[in-house]
Structures are given as C-alpha cells and as structure tokens.
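Trainee: For reference, the chains in residue letters:
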Amino acid sequence: MPPAPAAAAPAATVIAVEDIGLTFPSKSGEATVALFDVSCRFAPGKVTAIIGPSGCGKSTLLQIVRGFLTPTRGKLRFVRLGAEDTAGAPPHMATVWQAFNLFPWRTIIDNVAFGLEVAGVAKAERLARAKKALAAVDLSGFEQKYPRQLSGGMRQRVGIARALVMEPEVLLLDEPFGALDAQTRLVLQEQLATLVETSGTTAILVTHSIEEAILLADTILVMTARPGRIAAEIVNDLPHPRSMATTHDPGFSVLFDRIYGLLRQEVIRAMATEGGDA
Amino acid sequence: MSSNGPMATPATAPAEADPPGLLQRLGEPRALSWIAVVVVIVAWELAVIVLQLNPIYLPRPSRIVVALYEMFRTGGLTTDLVATLIRIFGGFFIALFFGVALGVWMATSVRVKAIADNFIAALYPLPKVTLIPLLIIWLGTGGPFMLTISMLGAFFPIVINTVLGISQCDQGLVLAARDLGASRRQIIRMVLLPSAIPSIFAGIRLGLGVSIILVVAAEMVVGKVGLGARLYLAGQVLETEQVFAVLIVLATLGIVVTKIQDAIDVRLGHWRVN
Ligand SMILES: Nc1ncnc2c1ncn2[C@@H]1O[C@H](COP(=O)(O)OP(=O)(O)OP(=O)(O)O)[C@@H](O)[C@H]1O
Ligand SMILES: [Mg+2]
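So the sequences go chain by chain: L and F. According to my numbering, the first sequence is numbered sequentially starting from 754. According to my numbering, the second sequence is numbered sequentially starting from 27.
Careful, some of the hints might be misleading.
Stated by the list, open to error - So, partial list: chain F residues that the calculated Cβ filter (under 8 Å) puts toward chain L:
id, residue
1, Leu206
2, Ala208
3, Val217
For the record, the hints were derived by calculation from the structure and aren't laboratory data. Each residue gets a CB set at the ideal place from its N, CA and C atoms; glycine is no exception.
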C-alpha cells in the first residue's frame, strides 16, 4: 500500500474496499458471482487503474464504490485521514461512461450544466462554469450544438467536462475511451493525464488498455477472470508528466510485460469459462 | 426540395442556366399534389353538369362552396364548429394531462403498473363508441358527456405510449443523471419525460384522431349543436350541399390538426436531425 502523501489535504478520504463479494441472483440458471473477496484501497489524489479480462466485475466494482450497487458480502468504508483515521462520509464522485451517456435532447452546454442545474445553481453561474469546463477540454464554440453533431472523441470530452464541472473529489472512469478509435484515444489519454494531474482529483480508471493504465495510473490493480479478485497491485512510479514519450521509457516495457504476463493467463481462463458457460 | 437531381448546368454554359420551364415546374411533387385536387374538382363539376345528375345525390362543387359560405354567414356554422372544437380539445387536454401522469406513474412503479395493467388491457381495445349508451345513462347528453367521450378516446393511446416511451429510455442516461445528483423527480422530469416525447407524441396523434371521431359520432347521435349534429340534420332533410359543406369543414379540421402536429414534432425533435 503506498503511504498517504504527507501534504494530503485535511479532508482526504481513502476509499477502502474490504472483502467485498457480489453475486447477481438469476431466476433461470445459477447466480453469477461477479466479485469474490475483493479488497483494495483507493488513495486520495492518486489515479488507480483497474484492468482485467472482460466480465470480471470491473464495472460492478465501480458501481459499488459509487454506491449504485450494494455488495452481498464485505464492506465499503470511507476513511478520513488525519491524526486519527475516522469513518467519513462518501466523497463527492462523478462518472465518465464508456457509452458517453450524453442527453441527446440537450445542447452541449446544457449537458455539461446538468449536474449544476439539478443542484439548483443559478442559470448564469452554471452556464459560466459549464463554458469554462468546455474550454478546458478544448470544446469552446460547440456550446449550442447537440451531441449527435459531434464526433465520438468530442462527445467523450463533453462527458469528461460534465463530470469535471462538478469538481468531484473522486472521478470514476469506466472505459472512457473504449468506444473510440485508436488515434483519438491516444490524444484523449494524454489530455486526460494532464487534466487529472493538474486538478489533483482522485481517479479510478477501468480500462482494457495496458498503455492507458501505465500512462494514467499511479497504482494498477490487475483482476482475475470471473469471479473477480485482485490478482496483483502494481505501483507505477514512472515520472510525471507522462505522455506518449513515456512509452519509450525502459521502465514502461518492464511494467507492460509484467501486467501483460498477469493478464494473459486470466484472459485465457476467462475465454475458457465463457466457452464452458455457453 | 425536388428529387430531380442537380439542376445546375456545367460551368462552360452559364447562359443556359435559365429558370426551369413551366412544364417542369408543374411536374414537381408539390405542384402535382394540388393540380390533382383541382383536376378532380373540375371533373366533378363538369360531370354533374354534363350527366345532369340530381343534386340530391351529387351537388356541384361550386354549389357546395356557396352553401358552405351561407352556413358560415347566416346559418350559425361557426357556433357548431366552436362547440365541436371545445368538446374535442377539452377532452383531449384532460386526457393528455391524466394520461401522461398515469403513464409516468405506471412506468416508474411496478405496483401501479400491476394494478392498472388489466384495466387498460380491457378498455384499450374496446371500441369507445360502444360506451356512448352507457355514458348517456350516466351523464345525460350535455357537456360532461361530450368531454368524457372525447377524453376516453385520447386517454388510452396516450397512457400506453407514455409507458412505452419511458420504459424504452436508455438506462445509461438514467444512471448518468443519478450520478450527477438528480433526484427521482428530477430524473422523471429531466430524463424520462424528454426521452419519451417522440413516443408520447405518437400517442397524441392516435388519441386526438380517436377523440375527433368520437365527438362527431356522439354529436350525430345526440347533439343539438356541433358539426356532427349539423351533418346529421342536413342528411335528414336531404340538404346534400350542406352535408358536403360540413364534410369539408371536418376534412379541413383534420388537415389543420395534422399540420400543427407535424410542426410541433419538428420543433420538439430538432435535436434528432442535424
Ligand atoms: N445486472 C446484472 N445482472 C446479472 N448479471 C450481471 C449484471 N451486471 C453484470 N452482471 C454480470 O457480472 C459479471 C461482471 O460484470 P461487469 O459488467 O462488472 O464486468 P466488466 O469487468 O466491467 O466487463 P467488461 O470489461 O466487459 O465491461 C458479468 O459476468 C456480467 O454478465
Ligand atoms: Mg464494464
């Protein structure tokens, strides 16, 4: 476990997942054990990546952290760091979705301002803040367009702006670039790395891309095939700021090979079980 | 607008780019649709004259127009039209309000849906004209009866389409709204309803059509004023010109309602197109 940063803000909260299990009941066949005995901690101000084979329960874990799913076993705790660690309230979170999930009938600026609108922020203020958030993801000038008029990469930048405008303490990213082409993905990964580094928020990033995990995360959790457990927790101390140049760092290949070695077995195992299920 | 393909001539012959000829313009779909109407009316007029048909069976279009004008000027047709419109739209708006409300409630609560399901399954396919005798026994033949019959026509299509539209809402959008802090009510108002609007609108189209049919039918049976009553009375005394005149008013009403719906559809759905 990496030590908490010495200069952590007083309100810093660790998200502690303790022996969590989740089983989806099913009416027809047997129940799906999505997660089994998962324990991990998400440190404040750090980016943690979760990587694992398809169907291993990554999204499920994220939904548990968000509070949208209740684990069938184990506990989710929020620990306030201080002189003495105390139980804290859940930190403020916002999610970026693989499917973007923009409201198609709202203009781009009204999409970004949605969270502020439901929170009762006055119109002038929320539009000003949404405009700033859009500028931060290089989308100035697209305020009055509709999601359908934007490319996939632009839509996900709107998704990121919509989450960041809420100034969340924890940013949850569920395969944010999974639906994008490889080039767009590279550019957005770099941009996200910068945004997260400068804002200093805690982030949890679910991804299928080893490069993405190494580029963005401080800690990388590798999960096993279903039922998902944590196979390894890998600390990534490649220097910041990271960019595509980081992929030429010798440390990058070492990390890559290690993660790939772990994942390879699990992906093969996942494929075998999928075949057995069918 | 036209599907004639590119009209522009090559850049080498700019002088030839004169406006399309009259014949070409008449061939455009928009023009054609009106020309067809004119041709039919003229043929009708001529046929009646040439074949010397009895106007009790088929009056000349020109006579019908005169009759229509006279009915508006001195015959009180405006009163009938207004009465019919109030009945149709009064009942329709009541149905719209309660239909959408019940639809939202059913779509967001399995219990409410369970309670309402069988009643709706029984009443929706029932031809509503069959309820006219019962409603007359209960409500008489006045305003409350007319509003109820109109309301019944529009209510079920609106409820069913609201439920359908809301249950087809992308769950990802609901999760995103929840994630951004929206309450249950805010999710209904800001996510479920807007995403169900195309479907609700389909229900409105169906429902308003049924309301119009029912009100006119009810007026024909029991009305003293209203377009249906006027139509029935004119038929009784073999005033065929007046029968046609009322039919023209009803047809025009149908066109106007359809066009207004199209216009609202375009406005509400502007995010769907470019
Ligand atoms: N609501 C649900 N009901 C039943 N089973 C579910 C439900 N949600 C997920 N599952 C199952 O739980 C397992 C884990 O799902 P989850 O979506 O968390 O996987 P994932 O790791 O995010 O996969 P992917 O990489 O494909 O997104 C899968 O086998 C999935 O089929
Ligand atoms: Mg997933």
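Trainee: Under the criterion of a CB-CB separation shorter than 8 Å, is leucine 206 of chain F in contact with chain L as hinted?
Mentor: With Cβ-Cβ at 4 Å, under 8 Å, it holds.
Trainee: Given alanine 208 of chain F as an interface hint, is its Cβ closer than 8 Å to any Cβ of chain L?
Mentor: Holds. Min distance 4 Å.
Trainee: Please check whether valine 217 of chain F passes as an interface residue: C-beta within 8 Å of a C-beta belonging to chain L.
Mentor: holds (7 Å)
Going through the hint list in order, the structure satisfies each hint without exception.
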